[in-house]
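Undergrad: Here is how the chains run, residue by residue.
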Amino acid sequence: MVAQNVFFYLFAAMIVLSAIRVVTAKNVVHAALYLVAVLAGVAAQYVLLAAEFVAATQVLVYLGAVMVLFLFGIMLTRTEVGRSQDLTNRHWWSGIVAAVAVFAVMAYALIDAFGWSRTPLPADTRIAVVDGSNTSTVSDAIFGQYLLPFEAISVLLLAALVGAVVLARKD
Amino acid sequence: MDDLLLNQFLLLGAVLFCIGVYGVIARKNTVLVLMSIELILNSVNINLIAFGAMWGDIAASVFALFVIAVAAAEVGVGLAIVLLIYRNRRTVDLDDLAQLRG
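Top line first, the protein sequences correspond to chains G and E. Using my numbering, the first residue of the first sequence is number 1, and each one after it goes up by one. Using my numbering, the first residue of the second sequence is number 1001, and each one after it goes up by one.
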């Protein structure tokens, strides 16, 4: 179990430092590349929590598709691909105030409710393994109990696809 | 510290959420605001998966997958809107997009 903790803190440090660089980087492309590090770290946390199918989906959808979309968005809007100072607005300190206030409330609530050492995760964090792997359990859940939400998501994706084409098309 | 604790994942999610909130408020470039929203959505997913591991419930993974799908749709439409704004106004600077101010 110690190894899991070592990797948790390693990836947590990577996530937090890269996330801070995402919101402070002076270069839009650098921010996008730091976002890749954040998303990869989050995928690693999913693996630590034994949700390997979600981790694989995170890598495919976020690291693959969404990041390419972001890079296309950066290139197509030509938002100074080089270094530019003008990415943070004048009232950035109000963002600090809001973030610290939100974190104070959430940290107090979390430590109050799930204090350190009171709620260890189950020793083998295998999530509801019926037979086989986590992936087969997820697929059983999606195509059984959650079939209607799954179909709704596919309609949503179709609508988003059509909407994006209609919006971005040059007439 | 020999066990993985629920709280360390929840606090990591809280930190990531707050960094995302800061980014949404402080950033001026529309694409960077969308990236900050992705940080927030990922923090929510960490919380979902951590609670799923805690209670041994597979619904958490299913909902995390739905969140990922909705986030992908959101980025697609969001970037299309940003592209349209850029094409019409030659800027994606949020401070310059104040036409709706009364």
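Treat the hints as calculated values from the structure; they're not laboratory data. Please note that the accuracy of each hint is not assured.
Said to hold, decoys possible - Footprint (simulated), chain E over chain G, 3 or more residues, beta carbon under 8 Å:
{"hint": "1", "region": "8-21"}
{"hint": "2", "region": "26-32"}
{"hint": "3", "region": "86-93"}
{"hint": "4", "region": "103-113"}
{"hint": "5", "region": "152-163"}
Said to hold, decoys possible - Just some of the chain G residues that point at chain E, by a computed CB distance under 7 Å:
{"hint": "6", "residue": "3"}
{"hint": "7", "residue": "4"}
{"hint": "8", "residue": "44"}
{"hint": "9", "residue": "60"}
{"hint": "10", "residue": "66"}
{"hint": "11", "residue": "68"}
{"hint": "12", "residue": "71"}
{"hint": "13", "residue": "97"}
{"hint": "14", "residue": "120"}
{"hint": "15", "residue": "121"}
{"hint": "16", "residue": "138"}
{"hint": "17", "residue": "143"}
{"hint": "18", "residue": "147"}
{"hint": "19", "residue": "148"}
Cβ coordinates follow ideal geometry from the N, Cα and C atoms, glycine included.
Undergrad: Taking each numbered hint in turn, which are not upheld by the structure, reported in ascending numerical order?
TA: 6, 8, 9, 11, 12, 13, 17, 18 and 19
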